[in-house]
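Colleague: Now for the letters of each chain:
There are 2 protein chains.
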Amino acid sequence: MKRNGLRIGGLVALAAMLTAPALAETGTSLPQDISETAGRLMAAAASDTVGLKFVEDLTTEIGPRLAGSPAEARARVWAVNELKQLGFQNVRVEDFSIPYWSRTHETAEVVGSNAQPLVITALGGSKATPEGGLEADIVRFDSLSDLQAAPVGSLTGKIAYIDELMYKTQDGTGYGLAVRKRSGCANAAAEKGAVACLIRSVGTQSHRIPHTGIMSRDGALGALPAAALSAPDADQLTRLLERGDVRVKLDIGVQSAEAAPSGNVIGEIEGSDLKDEIVLIGCHLDSWDLGTGAIDDGAGCGIVVGAAKLIDALPGKPRRTIRVVLFGSEEVGLLGGQAYARQHGDELDKHVLAAESDFGAGRIWQFQTRFGEGAKPYGDTIKAMLTKIGVAEGNNEAGGGPDVGPLRRGGVPVVTPSQDGRDYFDYHHTPDDTFDKIDPEEFRQNIAVYAAFSYIAAETGWDFRKAADAESAQGAD
Amino acid sequence: MKRNGLRIGGLVALAAMLTAPALAETGTSLPQDISETAGRLMAAAASDTVGLKFVEDLTTEIGPRLAGSPAEARARVWAVNELKQLGFQNVRVEDFSIPYWSRTHETAEVVGSNAQPLVITALGGSKATPEGGLEADIVRFDSLSDLQAAPVGSLTGKIAYIDELMYKTQDGTGYGLAVRKRSGCANAAAEKGAVACLIRSVGTQSHRIPHTGIMSRDGALGALPAAALSAPDADQLTRLLERGDVRVKLDIGVQSAEAAPSGNVIGEIEGSDLKDEIVLIGCHLDSWDLGTGAIDDGAGCGIVVGAAKLIDALPGKPRRTIRVVLFGSEEVGLLGGQAYARQHGDELDKHVLAAESDFGAGRIWQFQTRFGEGAKPYGDTIKAMLTKIGVAEGNNEAGGGPDVGPLRRGGVPVVTPSQDGRDYFDYHHTPDDTFDKIDPEEFRQNIAVYAAFSYIAAETGWDFRKAADAESAQGAD
Ligand SMILES: [Zn+2]
Ligand SMILES: [Zn+2]
Ligand SMILES: [Zn+2]
Ligand SMILES: [Zn+2]
Chain X
0 MKRNGLRIGG
10 LVALAAMLTA
20 PALAETGTSL
30 PQDISETAGR
40 LMAAAASDTV
50 GLKFVEDLTT
60 EIGPRLAGSP
70 AEARARVWAV
80 NELKQLGFQN
90 VRVEDFSIPY
100 WSRTHETAEV
110 VGSNAQPLVI
120 TALGGSKATP
130 EGGLEADIVR
140 FDSLSDLQAA
150 PVGSLTGKIA
160 YIDELMYKTQ
170 DGTGYGLAVR
180 KRSGCANAAA
190 EKGAVACLIR
200 SVGTQSHRIP
210 HTGIMSRDGA
220 LGALPAAALS
230 APDADQLTRL
240 LERGDVRVKL
250 DIGVQSAEAA
260 PSGNVIGEIE
270 GSDLKDEIVL
280 IGCHLDSWDL
290 GTGAIDDGAG
300 CGIVVGAAKL
310 IDALPGKPRR
320 TIRVVLFGSE
330 EVGLLGGQAY
340 ARQHGDELDK
350 HVLAAESDFG
360 AGRIWQFQTR
370 FGEGAKPYGD
380 TIKAMLTKIG
390 VAEGNNEAGG
400 GPDVGPLRRG
410 GVPVVTPSQD
420 GRDYFDYHHT
430 PDDTFDKIDP
440 EEFRQNIAVY
450 AAFSYIAAET
460 GWDFRKAADA
470 ESAQGAD
Chain S
0 MKRNGLRIGG
10 LVALAAMLTA
20 PALAETGTSL
30 PQDISETAGR
40 LMAAAASDTV
50 GLKFVEDLTT
60 EIGPRLAGSP
70 AEARARVWAV
80 NELKQLGFQN
90 VRVEDFSIPY
100 WSRTHETAEV
110 VGSNAQPLVI
120 TALGGSKATP
130 EGGLEADIVR
140 FDSLSDLQAA
150 PVGSLTGKIA
160 YIDELMYKTQ
170 DGTGYGLAVR
180 KRSGCANAAA
190 EKGAVACLIR
200 SVGTQSHRIP
210 HTGIMSRDGA
220 LGALPAAALS
230 APDADQLTRL
240 LERGDVRVKL
250 DIGVQSAEAA
260 PSGNVIGEIE
270 GSDLKDEIVL
280 IGCHLDSWDL
290 GTGAIDDGAG
300 CGIVVGAAKL
310 IDALPGKPRR
320 TIRVVLFGSE
330 EVGLLGGQAY
340 ARQHGDELDK
350 HVLAAESDFG
360 AGRIWQFQTR
370 FGEGAKPYGD
380 TIKAMLTKIG
390 VAEGNNEAGG
400 GPDVGPLRRG
410 GVPVVTPSQD
420 GRDYFDYHHT
430 PDDTFDKIDP
440 EEFRQNIAVY
450 AAFSYIAAET
460 GWDFRKAADA
470 ESAQGAD
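Protein chains in written order, with numbering that gives the first Met the number 0: chain X, 0 to 476; chain S, 0 to 476.
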């Protein structure tokens, strides 16, 4: 899957193009020197090695990094060392505690005259089955809604099976819909009297590779044993049900605890005259346990670390501080983001901009902002610059990424550099999320975008919160 | 992966084209009525449902069919019923006994500071590790030859790891080379003092899906515990070795027995005046245990059953008998083919032609023969007919398929309809060998080819053994 498409000629042309003057509108256009520097950053991103090595090393030397596990703890130690060696400042871990869940074993098999194994994986928060497993008949539903509409008690002693499909979209909108069945299956099935629930994997590939992910639960554990079938196994179960009753034996073992250590790893490129103002770019350090967390979200960490290092390599310091946050325990409920917002609640006003990269390493095709009405011209300026490397201008409704949600809700301006996610759910949350799935050239385009907007945000001093009726003075520029 | 590309207009055009007169050369050209009927068979194949349903039902209702296992035994009972219901004659099982091997568990993990699981699968014939597993350092080799060249005793207490790649080819030639490491790793590693061997999976995909297959062994068991890593896990192990020593814990459990029941399932479309002469078309009924044996070799069984049924549906019986053989225990050493040759040793001269379909369900792109010198014009006639549906004319060096090897060596003429195998090793011997990987349209083109040549061979009475110096009388036509 790896490609190396760097062309030196193209690089030089890119640098020339990018340093062309930006919007002429007074006050919201980029000063010539900032525009030129941003252009050079984007050109330099095309030969990034720091970011790519960061994700390669993380996924190789640590591998899977389940939230709250010893592996996530090792990843924090590793990341602190790595950020220090890269020259980041103020490198630290901000600890917090989470409910802990992990699988210990998981098997499923059709029993009876069509006896055969099925490939499953437990959902995050699944209860264990009774010792030795449970055996029950399958009742199939086309969708979560259909299961929810079943009469209470109608599934007593049965296994509910939701066979809902998911389709590929560039922006990942198919995921929100499909993930509802993952989140809601156990609760809905329990309400109807079922003993377990199975779902068709939330994913878009047809390999024998199931997809895990968190489900609704109280603390560490959900209402029932719950697991996802790989797509071919879901097909198989559906074909078997067309032929008659199907009985399945499910055996899931889990470990759980109400409290386990996690933490956010932070490193900074300190600013100069506005160093207490923070441009936060983040990712999450934890991953699911099945793969090595390369596209979710080692890639995001490589992107923000790589981008920050490009800015650090500039001759002068940017005015504001670039804060890189590798959030912990995102996968189990965005817990790192919540902890960060809690621990930094008294300095949210110092956060001038935030974004988290957490959608793989695909090419960024659009750039969204969520700025104050009066700051929209700043957004237009940044977007216009990014169109030069093929990024479309998005709207002003950015989400910012899962772990910066609490910041956004706290009034922090955010941006979303939208990655092409058509292949993301082929790998996401599966054993197949491994380093070879990252395309280095597309990965580096992400670094270009992160480096450019982070640098502009840090160096211009623009106030992205500015309301529509604010006076025309722009930040501290 | 399923497509339904049948176009009725195309079908009619195909039928018209196929019934055009064949080669004019006297005595080796097809009589007009046989040519027309072969054309109609090929057209009818495009709407086959019997063959496709056969493989769907087999892979769904039985699933994996490991040689010598209860599942293979169930598959024989299932196939006997199915062939009888389809109207085959003389349906029977010819029993034989094989050494039995199956896996009971298999895990691998890197231990130490980079602790993480690795996805492996034991090779067929692997020894078990000691109770609780074994732990040893890895020594990597680029190829089997490099391992074989290592000094005796140089791997004492180590795990040998062969990291040899395999490339995609249309005709599967990459497999022969790559499979040598699978076959030879344990013996070579044992000779050097190693305690186990690992190989990069023999396959051409980059998913976290390992590839199993038989290895060299005496009876049921090989020299050492031996397993294949999925491609991403092989990449990972190699990256870890670039960073320093790697220690792996390997835990493989197996069951084995020197004798277990297997068998060949046979059904016939009885001929008319030459009914004791046999056109044998086969496949293998057993599969590896990881997938459901859809492309290897449920598809082959669907193809030959579907083709025979099309011939059976003709108004009159063909002159010779079409014998369909679903061989048992192919995967563990071509044991069904050997048993058949043994059990039918005194009637090999009655076998006028043989072929086994065992390379998936990809489009047939070439048709090879292995006929006597004097019978080559018959081959040319059949090949010329098949060029009309896009099948190139192959040489006269056909292998005929794994289970008909003993027949070929016993002088039976064989043909090889060569399937496009570029994707075959993406799925072959992996959990991913499931029904959804079969393209119905390409599958049906296979049925067209098998129906056409089998019918021509049965109806013409041509002698495919005919030597160069034989008199010019042609068979019994
Ligand atoms: Zn994520
Ligand atoms: Zn995730
Ligand atoms: Zn085969
Ligand atoms: Zn095979």
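Note that these hints are calculated values from the structure, not bench results.
Treat the hints with care, since some could be wrong.
[Said to hold, decoys possible] Some, not all, of what chain S presents toward chain X, calculated at C-beta under 10 Å: (1) T48; (2) G156; (3) K191; (4) A230; (5) R238; (6) D288; (7) T291; (8) Q342; (9) E346.
For glycine and all other residues, C-beta sits at the position ideal for the given N, C-alpha and C.
Colleague: Would you mind marking each hint as holding or not holding in the structure?
Modeller: These are the hints, each one checked on the structure:
no. : hint : verdict
1   : T48  : violated, 15 Å
2   : G156 : violated, 25 Å
3   : K191 : violated, 27 Å
4   : A230 : holds, 8 Å
5   : R238 : holds, 5 Å
6   : D288 : holds, 8 Å
7   : T291 : holds, 7 Å
8   : Q342 : violated, 30 Å
9   : E346 : violated, 36 Å
Of the numbered hints given earlier, the model fails hints 1, 2, 3, 8 and 9; all others are met.
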